[in-house]
Each structure stands twice: as structure tokens, then as C-alpha cells.
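Trainee: Listed in order, the protein sequences are those of chains G and A.
Here the first sequence is numbered in this note's numbering, starting from 14 and rising by one per residue.
Here the second sequence is numbered in this note's numbering, starting from 6 and rising by one per residue.
Mixed in with the good hints there might be a few duds.
[Said to hold, decoys possible] Using 25 Å as the maximum straight-line C-alpha spacing, the simulated DSS-like pairs for lysine-lysine come out as follows:
| no. | chain 1 | residue 1 | chain 2 | residue 2 |
| --- | --- | --- | --- | --- |
| 1 | A | K381 | G | K100 |
| 2 | A | K655 | G | K100 |
| 3 | A | K792 | A | K655 |
| 4 | A | K747 | A | K522 |
| 5 | G | K112 | A | K260 |
| 6 | A | K178 | G | K112 |
| 7 | A | K341 | A | K381 |
| 8 | A | K747 | A | K462 |
For the record, the hints were derived by calculation from the structure and aren't laboratory data.
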Amino acid sequence: MQKSNLSLDPRIVLGVAEDATDEQIRAAYLNKLKQFPPDRSPAEFEQVRDAYEFLRDRRQRFRHFLISIDPLAPLDTVFGSGSSERKFVGPEPWLAVLKEK
Amino acid sequence: MVIRERTTARSQVGESRGSFPDALPAAEARVRELIAGRHSKAALEAAKDLHKCYATPGSEGLLVEAYEARIRDLLRHGMSIEAKSLLDLVIQRFPSARARLEEVLFEVRMNEGNLDAWVAPLQDPNLAPAVRERIETAIRQRVFDLPALSQASSLLPTHSLREGAAVLIAALKAVTSAPVGEADLVLPQVSRRGPLASWKALVNAIATFHRRDDATCRMWLQAIAPDSVPARLVPAIQVMLGSATAPVLNFAAQKLVAATGAGGETLRSALASLESAMAAKRRPPILQKARAAVSACERFGPDLREKLRQYISIRCMVLGFAPDSVRDAIGGSPRKDARWFHLVAKAMEGTFESFEDLADALIAWEAFRERALEEKLFTANTVEDGVLSLHMAELAARIPADVADDLLSLVYRRNSPLSKGGLTPQRLFSPAALYERACASDPHSDAFQSWLVWAKKQRDWRVADRVAESWHQACGKDVAPLLWLMESSEKRSAYQKSLKYLEHAEQLDRLNPEVRKAKLRLLLAGVLRHFRQGKPHLASQGIERIEASAELDGSLAALVSALRRVCAALDKDSDAVNRHAAEVEARLGSCVAAYVLHQGIADAAVLAPEEIWLDPLDMKSYDGVTLLKGLAKACVLGDSVGMPLAIPEKWEDRLSSSLRASDPALHTAELLVLGEAAIRSQASGLAFALSVAGMACGGADARFLFLRARALPPWASERRYDCLSAALELARRERNTDLAGKLLDELRCCPSNMFAPDDFLAEVGPGGYSMEPGFLNEILASERAEKQFPVPSRNLPASDGSDEVDTFRDENDFADFEDIPANMPPELARELTKAIARGAKPEEILKGILPGTSGAAELEDLFGLLVPELLREVKKAMALGAAPDEILAEMEDVLRGGDSRKGQFPRGAQKKENPRAGRPEQGSLF
């Protein structure tokens, strides 16, 4: 089986979900290539390429899915790694709270 | 109650009519008591009666007070119209009471929603301070409609309230739409002491929230008056800041938090708190924090709730909590879906402490498979199914066969999630069944390779052959199975079959280096066989085939010349012998290498040196470095052609002392190849000395630690384990997977480990082989410092009081036996080592090894245990027709009293040794 030297989860490198399909993976790969072309960002390009080579292999991808899950990982990283953004939502939702006593 | 009160009040008033000056205070008190008790209607009725009776200013004042209470009551009950009507009536009837009713008048107007009317008095610069304060307080507490305030027609457009409200509207829109700098929120139009001050604090709080300046945000929140309208947003903002004690929010606040996406902070905070509790491993706080985390998740991440409950449940299971207590904390049992069993399986693998954990992991994996198929995560008999089954097979392969039988009974006793559709426990713990399923689901080379690696370790050779056959059928273009079948056939002396497999492999990939190497090895084995059979003419033909098949570089050409030399010796052609001997020396560039090569050929062909006219090398004529380099060159050649060479007899001490005396200037590769030869030759001292030299060079510590570990005597089991573990850690860092695999195999079947695997399960588990950097450095430093081969301590434990001599107190006895376990099957070696430690006698041990019945099979089993010289003698004896029983009996005699390396074996029917006579092939490995 092809060995990967990825230090990061390949899904994180390409920015794809756990259940991403082949088409989604390829689309993400092409998108990343535009962001990190080989002449301007060689290190990132290599990482993106390795991640794609890893994920396009159906066996490696599934094996990674089987073994990468860590039930003992810190819960705040498992569940809290989502977006911590603070969106601008306009004045209305704020005023709605003020209207209620 | 009210009716009774009213009636009582009236009666009290009626009773007092006759004597008013005395009864008024009591009546007043009564009315006030009713007002305080919020019985405004009764109070009003009583006050009316009182005023009818007495009509004094006091009674009028009391009546107005009662009216005021009544009006407030009406307002409280939302009857603002009735309240206003009543107020108008009172003011009309009692104009002098207007000033007193100002406040309630204000409240009535506020309830009407007539902001203009509220604030209108503020336009009067002479407004009484108390009234102004009352109005401003009402604005602070009740006005949420800033646009309406900014448009209040009763105030001039330049009024501070209108200007302030307008500025605040714009600021609120700005801070909720985009980042706004601090300088833009000074808002001089809004006074810090005015009724809109809390609004100013609010917009700044929102701005700092979006700037992620949480500390400043909290400061602004504290500046908001608790009774102000903006204070209604404080709980929501606190939640968005990730407050550990998140208050319960109303619906609008929850929507706001969800819309901004900031609820995750609270959830993360709750999870971090839970994680800290789990690190402390105390149950009550863990369960409490778990409850809070699940609650936070329900509010701010409901789609993650089930997943979180599963994770918490697993973590608590690993900590050993009772399921009931966990269930109560997280609001019920978690869903037992595919993800659940996935988590359980990984948890069991990760916390490996006993083979029972591996068994549980296998059960969980099988349950995961079933659920995953139901949930359509993947389909049966696909790549994914194959990958999963392969992983399970590799897991099952780590459980020893005898342990697997015990685990079966355990599974039957417990509730297993296995359904009838899955594998039975027997097949679940059977690596063969799992490998078969893996390769059936996803037939590909890597899976079959893994299966074959496992099969090769089984005692029955047919297992590996069947696997190779399956592989060949499934992947007809792979040469690896054919090479194995070729090698297996050769070992069983099925040469025609072996050649057939080789031809097939050549048809597939003639240029494959493995195929070419295998062909060379097979042809060489044929030549050696012919030598042994005394058929030099056939051997000569074989040599020609070797010449034709391979591109002969210098070393291969030397091998051909060496073979021809042996042929010539068997043919008694001295000229040819000398000529070919000179060729060998010239091509190898070393007399030492030539000698070792010739000796190796003789050993492989089971010929005595004198049969091939090989005189012993005069070691004194060569310095240590020359000997070592020559030996290395020969060993490299031998390894390349599949004919591993041994260290010649009596060379070990000389070579070891050469290594110790000076830097031999050998390359790492030379040291390693010599090390392997020393291990093969059971020259532990030399192997140790080579590891010392190798570690002094630096750069290949992993491989030299591996060498060191195998060179150590059996009783140094802990040190051996440390060396293997350190080597494995280094191999992992170097990403040397081949070496890591060998080290893992060695660790798992550590034949020199005196204890059974169960005794060190926490260490020999997959997670236990990793090593802390500090400990690794300690081992490296310690081993680098060790230059001498270890000897057992003189201070052996006292005997058990028996009068029998402790046979193994003598170092020679250790020496006799220390090299046997290295080649022994692991289970046998373990028992042997234990017996040695117990002080058992050699003949007892031998009887334990040989179960009492003798035969060719038992004798063949011993081939791997014997030193080369003894092996040669045994094979010769068998070739000459000696019965296995006789040979075994002779071996026992030798072990009982004599030197095993010099024992003479029965010849059966006495024959003159004739190298050219045919020899029966019974029992031969070639």
C-alpha cells in the first residue's frame, strides 16, 4: 500500500468532509492547486498533491477512516473544532431580544 | 376574601360613624392595610364610604390614595383604558390631586405607548428634577424603540434624546454589520449619565465582541445598568463569550446566538471543563460536567448531541464507570449505531491490556461491519469490506492460537453484539477466516501478501502454499506467489514443481529482480545438490545454466569459478582445481573471501573440506582487518545468491579480539552483514562485538541494536527487550518499515523472553512498544557504553535444598544451551528457557523436547537447533542410511556426557566414503 508522509490529515489539507465523494475530492484538489501552484508554493503544492494521492486511493482512504478516529481524543477538539466565527447578522436579531421583557 | 374584607371594612366604617374623631385613624389604617395588600377595590370602597361619612381633607387624601392604588392595579392587569378613564375621572373630581397623581398619570401614558406624551415634559427646562428623573428612569427601563424616540415630535429635533437616539441607531446598525473601530464609537451625543448611557455601552460591547476583545466586551457589559433595556442582551452576549455558567436564554436570544455562530464557544468551554475533569479521573465531577456538556450541546449544537453522548459514554467506559451512572448523566443510553461500534473497537485496540481486549475489539469491529452494511456506509464484498476484514485479520493474528481457544469460551459466556448473520466466534478469532474474507472481498496483492506473511509463520507449510495458490488464482500477474510456491516446493525436494513455478514466473516477468534472484538461487541449489550426490557432471551442467542465465559481475563470476573448483575437486582434477582457485581469488581480490566462499559451498553441499581439497586457512598469516573484510565480502556474495555463509569454525575469538583491539575501519554495511552471519553461526560473542563496533560508528543504531538484542544470551531477556524496543522506536523514526516489521515480529515472539506474553501484556501490546525519548537515550547511552559480552552473575539464587547439583551453575552449561533457543520455535524456546532457569538437567530438557517417539519428523524438527558442524554430521549419517532413532540416541549420549560439536554418529551399514557414489535423498532438505 502506498505510504504517505503526510503530517496533517489529508482531509484537512484538501478541506473535504469525511464522507466526501471522489468528485468532491477531485474538485477540492483542483481548487487547492489554484491556491498553491507548484511554482509559487512548492511546499504546499507537494502537501496538496500527497493528500490527493492518498485520498484518491479508495483503500487508503477507507483505512484512514477506520484507524484515524480516536475515541480518546480531547472532546473540545473533536466537537469544538468547528467554526468559531462571530457572524455579523445586522441589527434585527439583536433588537428582537430587546423587545422581549 | 375580597368580599369579606370589603364587608368588614364597611362594617367597621359603619360602626365608627357614630364616633368619627376616634374611629378615623383606625379606618384609615384599615384602608391603607387593604392598599398594601393590593385589595385596591375593597380599599377604594372603604375610602369612598369614609369620605362620604367625614368629607375631610384627610379622607379626601385617603380616597385619592385609594384611587391611585386602584389605577395602578388596573394598569398591572393590562386594563389601561379603564385605568386612564378612572384617572381622568379622579383628576376631574379632585383637581388638587393632580400633582400627586402625576406619576400614575405618567404610567398611564406609558402604557398607552404614547412616547411623545411621555417625553413631552422633558422639553420644559423648569421641569421638577424628580419628575425629570422619573421620566428618564422610565426611558432607561422601558424604551426599546430608538427610532420612535429619535422621531418624538414632542421634543425639539436638537434635543439630546433625539440626537442621541439617532446616533445610537446608526451605531447599532454599524456594529452588527461590519467591524467598527473604537474611535468611531465615542458617540459624544450620548451622555454617560443620561438615560441612553446603557445603549452606548451596548454598542461598544457588540463592537468589541466582533473584534474578539472579550475582556473589553465584558467591561462594557458591566457598564450596562441592570434595569435598563440593553441589559436584556447581556445574558446572550455572555453565552456568546463562552461563559462557563451560561444562563438560560429565551427564544429570541437563542436565535441570536445561533445566528452569530458563537454558541460554539460555550459548548467548547463546557467540553474543556469536562476534559479537565476526566484528566483528574474522579467520577462525580466527570458525571456532573458530562451532564452540563450534553446540555450545552443540546442548546448550541443539537446535531452533535448523539455523537457527543457516544464519545462521553466510551470515555467513561474506558475509565471503568458503571453504565447506569453514565446513562443517567448523559440522558439515556447512546445510540448503538456503526459509529458507536467503531468507537468501541478503536477504544479496545487503544487500551490494549490483555488479549481479551483484542477479542472485544474484534467483536466490536464485526458489529461495526454489520451496522455499517445496514446503514449503507459501504457494501459487502467491496474494497471497504476488504480493508476492514484485513484490519481484523491482522488484529486476530496477534492473538496466540492457544489463547484464542480460551477467548472463545469467554465470548460464549458474555452477551456479544454479534448477530447470526456475522461470523461465528470461531471464525471471528481465526486469522485465516478473516484473511480469506478480506481477499475474497477485495483481491489485491497487498492483502494476499499480508495473508502470506501470516501463513508462513504457521507450522503447517500447506497453509502458506494454499494462500499462495489462492493469490495466484486471484492475481495471475503477480510473481510473488509463484516465487513462494517455487521456494516451498524446493524445500520439500519437489524440484520439478519448483522449476515449473520458476518458469511461470519468468513468463510473467523475466526481468523482475526477485525472479532473477530466485532463479539463480534455484539453479545454485541444484548444483549443490548434485555435489552432495557426487554427480559433478550434472553439477557442471547446472553451472553452465547459471552462467547462461545471469549477467556475471565480478562476484558472481567468482561464485561460478568456486563451483567449478569444487567440481574439479570431486573429479580429482588438481590442475583445474588450482586454476579455478586462482580465478576465485583474483575475482574476489581476497584469499580470505575465497576460503570462506569455498567453505560455504562445502557446508551447503554437506561436504567435508577435505572432499573438495580445501585446506584450512592459516589465520595467523592475516591480520584481523583482512579477515573481517574478506569474510564480509564473502558473506555479501552468499546473501545475494541465497546461500548464507557461516563464520568458519574457530574464527570467532580471533575476529572478536580484532574488533575490540582496534578500529577495523569496516563500513556499516560490512558490519551488518557480518553480524547476520555471526547470528546464523550462533557466534553470539562475535555478534556482540560487531554491534559494539557498529554503534561506535553511529548512523545505524536501530540495526545494530537489533543485532545486539539477538546476540544477548537468553537470560538477559529484559535487556534484550529494551534493545528491541529502542531499535523499533528508531526504526519508526527512520520510517524503516521493513526493519520495524522484523523488530515487531521479534518482540511478539521473543524466544529469549523467559515469561509468557501474558506477563508483560501492557508492554508488549501495540501501544506499549513506543518509547519515551528520555528512556530511549538512556538505553542508547547504556548500550554504547557496554563493550563486553555479558556473563551471568556468580550470585545465582540458592537451590531449593535438593542435594542434586544445579546443572546450570556452570557457565559451560549455559554456553552449551544459550544458542539453542535462538533457532527454536518460540513456544518451545520459552519452555526451554524456563526450564534452564529452573535448573533442569539437559537430558530432562531433551526428553521434554523429544516426546519419546522418534522418527524422521522429530529429527527434522531438530535440524534448526543444531550448529552447522553437527547438522552436517547428522545429514551425512542420514545420507549414509543411519536410522533416525539411532541418530537421536547418539545425540542424547553426546549431550549427556560429551561435546556436542564433536560427537560421532552411527553410520548404519559401514560403507567406505565415496563422494561419487549415489546417496539416498531421504530426509534431505535439498
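Trainee: Assess, step by step, whether the Cα of K381/A is no farther than 25 Å from the Cα of K100/G, and give holds or violated.
Mentor: violated, 36 Å
Trainee: Run the distance test for K112/G versus K260/A: straight-line Cα separation, threshold 25 Å.
Mentor: With Cα atoms ~14 Å apart, K112/G and K260/A stay inside 25 Å; holds.
Trainee: Do the alpha carbons of K792/A and K655/A lie within 25 Å of each other, as the hint requires?
Mentor: At roughly 21 Å apart (the allowed maximum being 25 Å), K655/A and K792/A satisfy the hint.
Trainee: Straight-line Cα separation of K747/A and K522/A no greater than 25 Å?
Mentor: holds, 22 Å
Trainee: Need the status of pair K747/A, K462/A: alpha-carbon distance at most 25 Å?
Mentor: Within the cut-off at roughly 13 Å; holds.
Trainee: If you draw a straight line from the CA of K341/A to the CA of K381/A, is it 25 Å or shorter?
Mentor: holds, 15 Å
Trainee: Given the hinted pair K178/A and K112/G, is their Cα-Cα distance within 25 Å?
Mentor: With a Cα-Cα distance of about 16 Å, the restraint between K178/A and K112/G holds, given a limit of 25 Å.
Trainee: Tell me if the straight-line CA distance from K655/A to K100/G falls inside 25 Å.
Mentor: violated, 82 Å
In summary, the numbered hints that this structure violates are 1 and 2.
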